[in-house]
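S.K.: Given next are the chains, with one letter for each unit.
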Amino acid sequence: MPNTGIMKKPLFVFCLLIGLAFYASSCREVDEIKKALDLHTIPGAEYVGMETCTACHEDVVKRYRLESHYGTSLEEGEKIVGEACESCHGPGSLHVESSGDKSKIVRYSPERCFACHIDKKAQFQLQYHHPVPEGQMNCMDCHDMHNTGPATHAITDLERSNEKCFKCHKEKKGPFVFEHDPMRDGCQVCHEPHGGVYNKLLVADDNALCLRCHWEPNTNNAGGNIGGVAHGAGGGNYFIGPGQDCVDHHRSPHGSNTWRTFNR
Amino acid sequence: MSGMRYSKFPLTVLIAVLGIVTSVACVSADEFSDKSSADNPTSSINIKKNDTSVPSASEANDPVTTPAGTSDIFERYLGTPLESFSIEPSLTTYFVKGDRGRFRQDWNVDDRTTGGVQDIRFTKKQGDVSLEFEGRDLINYDYLAHLRVSKENGHYFDAEWKSFRKYWDGSQDKPWDPAAYNLPAQFQDWDDEELHTNRGNANFEYGYPLSEQAKIILGYQLWTREGRETLLRGEDAVRASLPTLRSIPVRRRVDGVSHTVSVRVPFTVGEIHNIEPGISFEAYRDSHFTNSLRYTNGALVQQRDYIEKPQFNDLQLQLKYDSFLSDDVYVHGGYFFNYLRNDSVQSEQRPNLANPNTYVNPDVNNYRVSNVFSIGSALLNFLRQKGLDARLGFRGEHATTDAHGTLTDGSDATTNPFRTSDTALGEGWFAEAVSLTYRGLARTTAFMGLDMEQRRLDWNETFDAKSHETFTTFGSGNPNMGYETKITYIDFVPKVKLTHRLNSAVKLFAGYRWQEKERQYNTQFDTHPGYYPGHLGDQERRVHEVTTSASVRLPAGWASILKYQMVADNIEFPKVGDGQQDMDRDRFTVSFSGPLAQKLFVYIAGMYDYYRVNTPAFGPGTSRWGWGEGAYDFNGDVYITSTNLNYQLTKNVSTFASYQFTNSLGDNQNTLNEAATGFRYNVNKTSSFEARYQVFKFNDDRGVEDFDDDYFGQGMSFAFKKALG
Chain A
-8 MPNTGIMKKP LFVFCLLIGL AFYASSCREV DEIKKALDLH TIPGAEYVGM ETCTACHEDV
52 VKRYRLESHY GTSLEEGEKI VGEACESCHG PGSLHVESSG DKSKIVRYSP ERCFACHIDK
112 KAQFQLQYHH PVPEGQMNCM DCHDMHNTGP ATHAITDLER SNEKCFKCHK EKKGPFVFEH
172 DPMRDGCQVC HEPHGGVYNK LLVADDNALC LRCHWEPNTN NAGGNIGGVA HGAGGGNYFI
232 GPGQDCVDHH RSPHGSNTWR TFNR
Chain B
34 MSGMRYSKFP LTVLIAVLGI VTSVACVSAD EFSDKSSADN PTSSINIKKN DTSVPSASEA
94 NDPVTTPAGT SDIFERYLGT PLESFSIEPS LTTYFVKGDR GRFRQDWNVD DRTTGGVQDI
154 RFTKKQGDVS LEFEGRDLIN YDYLAHLRVS KENGHYFDAE WKSFRKYWDG SQDKPWDPAA
214 YNLPAQFQDW DDEELHTNRG NANFEYGYPL SEQAKIILGY QLWTREGRET LLRGEDAVRA
274 SLPTLRSIPV RRRVDGVSHT VSVRVPFTVG EIHNIEPGIS FEAYRDSHFT NSLRYTNGAL
334 VQQRDYIEKP QFNDLQLQLK YDSFLSDDVY VHGGYFFNYL RNDSVQSEQR PNLANPNTYV
394 NPDVNNYRVS NVFSIGSALL NFLRQKGLDA RLGFRGEHAT TDAHGTLTDG SDATTNPFRT
454 SDTALGEGWF AEAVSLTYRG LARTTAFMGL DMEQRRLDWN ETFDAKSHET FTTFGSGNPN
514 MGYETKITYI DFVPKVKLTH RLNSAVKLFA GYRWQEKERQ YNTQFDTHPG YYPGHLGDQE
574 RRVHEVTTSA SVRLPAGWAS ILKYQMVADN IEFPKVGDGQ QDMDRDRFTV SFSGPLAQKL
634 FVYIAGMYDY YRVNTPAFGP GTSRWGWGEG AYDFNGDVYI TSTNLNYQLT KNVSTFASYQ
694 FTNSLGDNQN TLNEAATGFR YNVNKTSSFE ARYQVFKFND DRGVEDFDDD YFGQGMSFAF
754 KKALG
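Those protein sequence lines, which keep their order, are chains A and B.
Under this note's numbering, the first residue of the first sequence carries the number -8, and numbering increases by one thereafter.
Under this note's numbering, the first residue of the second sequence carries the number 34, and numbering increases by one thereafter.
A hint or two may mislead.
As a list, the in silico DSS-like pairs of lysine-lysine whose alpha-carbon atoms are at most 25 Å apart [stated by the list, open to error]: (1) B:K342 / A:K191; (2) B:K342 / A:K158; (3) A:K111 / B:K730; (4) B:K530 / A:K111; (5) A:K163 / B:K342; (6) A:K93 / B:K718; (7) A:K111 / B:K528.
Keep in mind the hints are simulated off the structure, nothing from the lab.
Just chain A, with the same shape it has in the complex (with noise of 0.2 Å):
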C-alpha cells in the first residue's frame, strides 16, 4: 500500500515538537518532572518500613515473607527505602495517616510490574497479546502476588496449572475420549501467554510448532511420512505444503472426542 501524503504533515509537526521541546528546556525543574511523570508517587507521602504495614496487615505481611518477591528493595542515595510492601506500592505514610485510606497507596497497574519486568512489557506490545495494556485483563489474573503461591507451592500446588488458562478457555479443558499428551505439560508447550509475533500466541508457525515432535527420518522421502501416513508431495489429501497447513486437517489440537489423530 503506497505512503500517502497523510504521513508527512504529523511527522513534520512531531519533528518540530520535539525540536521545540529541546530548544525549551532551561528550567530547573527536572526532580519535578520526574516526579510527575512517575505515576507510582504518592505527592508527599514517605516511607514507612514494613513493620509498620504488619500493624494493620499482619497476615498479609507474614505470608509475604514466603514469596519470591520479598526482599525486594529500592534504594534512594545510601539508603534502602521502600523494602517489600513499598516497593510495589510506593511510600506510605499519607496511607497510614489516613487510617488506611486506598486512594493514599500506590494499587495495582500493569506498568507497576513493568517498571521492572520489563521484557514482559515489550512482549505484552507485540501484535499478539492478552489485553493486558488495554486494562482488559491484569497481570494478578493469572499471577498471584500476595498469597503463598510460586516460591513455596510451585509444581506441587493443589491445581494443575493449565486452570488459570481453563478459566477462561474452557473448552480446551476436556477430558476428551483422544487427548493431546502435551497438554499435561502446559499450555506453554506451544503458547507464549505473554505475547507474541504469531497467531494464537503460538511459539511457531503451526507446521513447524507441530513438527517439532511430529516428525521422522523419512519425512524428506517422496512420501513424507509422518505417523505411517505420507505426508510429502504425492501425499494425496495428507501433504503438507503449498496450500495445507497441519491444523487445517488436525483440526482439533487440543483433544477430540471423534478422531485419534484429532481432525475434528
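Assemble the complex: chain A is given as a structure, and chain B must be docked to it using the hints.
M.R.: Just chain B, lined up with the frame of chain A:
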C-alpha cells in the same frame, strides 16, 4: 444457551451505577478543598482503550461543570462525603485506511469514534464501613464495574462485572489475491466488519463472619462469550496453474456461558491453624457453529459445517490447611477432589454437495476423577541461620479418566451402525520441590531450588477406525484398532538465582534454570505400529535458560535496566535420531530514563529477540508459498524501540511525544510505526485536561501487493480528569 442476555443486564446496571456515581462528582471542589490530594491530577491516556461516547445518565448530569444541587443527590445515595473521587470522561476517534480488520485485531479497539468514561473511582468510609468503586464505560466495547463494600472485621460484598471485545482480522493475516482465483474481492478480508467476540465476566462474593475465628464466603461467577471468531485453520483456494492456497480462514460462531457457585468456610483453630474447606460447582454450556468452505476455480467444491456443543460439569472439593507454627515455621497442605464430566456433542455436515454425509457424535460421556494431596513447609531462619529459608513441598495426584464416544455416519445408517471409541487413562503424578533462599549476606539474595516430577500414564484406547471419515487399515483390513502404552515421565528442574545490590546505584541479577524432561514409552499393544504415534516414541527434552539483568542508577537522575535471556530448548527422539530439533532464543531488553534537559524527561526502551525454531523436516516441494523457511523452520526475530518524551512547558502545561517502531524480521515480515504527541493541562489542583494525536502505519511485507494487511491512519483522544478528596 445464549450468553448475550447475560451481558446486557449488567450493562444496564452499570449505566445506572454510573449515573449515581457521576452525580457524586458534582460535589464542588470547594467542598474538598481542605483535603490533601493524593491523586496526581495528571492523567495518562491510553489511546487504544477509548471508545464511543453515547448519551448516558452520567453525561446528562454533566458531572464536572454543573455542581448545583448535586450535594443532595450525593447525600441521598451515599450519605457522607467521599474520601476520594475521580472521573475521567474521554473521547477517542480513529481514521484508518487499509486493512481495518487487522488494525482492530492488533490494537484491540474499534476503528471508529468511541468514548464514555475511561475511569471512575471513589472510596468512602462511614464509621467502620468502607466502600470502593471503580468503573469504566467505553461504548463499543469496554465496560467495568467493581464495587466492594466491607465492614471492618465484619462482612463484605464484592461485585465485579466486566465485558470487553476481542476483534479478529478477516484474512487471518494471509495475503492473497482472490481475483486471481476467480473469487470476489471480499474474500480478501471476508466480512470482518462484525468479526469479534464479546467476553464477559461477573464475579460476586459475599463474606460473613460466623465468629471471630470463622467466616463463610459465598461466591458466584458468570463467564460469557458470544460472537464470531476466526480460527487458525484455513481452507483451500484452488485455481488451475496457480499454487493452491489455504487462504480462506475458517470462522466460528460461539455462544457460551458458564456458571460457578462456591462456598468456602475458612476458620482458625488454636489461633494459628488455618483451615479452609470449600466446594464449587461449575456448569459450562457452549455452542459452536463452524463454517468451512473450499473453492476451486471460483466454484464451491466442499462445504463442511461443524456443529459442536462443548459442555462440562465440574465439581471441586478442597480442604486447605496452613499455619505459622512459630515465627519461623510455616506448614501448608491440602486435599483436592475433582469430578469433571464432559458431555459435549459434535456433528459434521456436508450439505448440498456431492457427498452429503452427516457425521454425528451423539454420545460423549467422558469423566475424570482426580484426588490430589499436597503438603509442604517453609523453614525460615533454617538451622538458626538468620536469613536462610528452606522450603519443601510434595504433591501427589491420582487421576482416572474414562472417555467414551459414539459416532454415526448419517449417510448410511444401515451399513454403518454406531462406531465407538473408548479411552481409559490412569495417571499417577508425584512432584517434589525443595529450595534454599539465603538473605544473610548484605544486599544479597541467593536462591537454589530443585523441582522434580514423576508421572505414570497408563493409556489404553480402542476405536473403530471406520468411524473415521478417511479411513485406512494400513493393509491389515482390520478396522478395530487398539493401542496400549505405559508412559513414564521424569522431570528434573534445578535452578539457581542470585540477586546482589552492589551499591545504591547498581543491582544485579543472574539466574539459570535447567530442565531435563524424559518421556519413556512402554508400548504394550498396538494394532498398527506404523501408525501414530508409533514412530514418535521416547523423548528427551533439555532446556537451558540463562537470565541476567542489571538495574543501574546513572548520574544526573538517569536510570537504566538491562536484561538478557537465553533459552536453548532441544528435543530429542532416541528412537529415530538425536540432536536435530532445537529452539533458540536470545532476548535483549533495555530501558533508559532520565532528564535529557532540565525540563525534558525521556524514557527509551527497546527489545531485540533472536528466535529460531529448527525442525528436522524439510519441505517436500519447492512451491511452498506460506510462512517459514524452506526447511519448515520458523524465524520469529523481532525488535521494538520506543521513545517517550515529556516536556514541562509551563507550570501547568506539559507536552509529550512518543514514537514506537516494531519490526518483525522473521517469517512474519512486517513493521509498525507509531508516533503520538499531545499536551496535558492542569486546570487546577483537582482537574486536568489531556489531548493526544497519533499517527501509525503498518506495513505487511509478505508480498501480494494491494492484498496484504497494510493499514495506516490517525487517532485523536481527549480526556478530562477530575479528582477530589
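S.K.: Taking the hints in turn, state whether each one holds.
M.R.: For each hint, the structure was consulted:
no.	hint	in the structure
1	B:K342 / A:K191	holds (22 Å)
2	B:K342 / A:K158	holds (18 Å)
3	A:K111 / B:K730	holds (24 Å)
4	B:K530 / A:K111	holds (19 Å)
5	A:K163 / B:K342	holds (13 Å)
6	A:K93 / B:K718	holds (20 Å)
7	A:K111 / B:K528	holds (21 Å)
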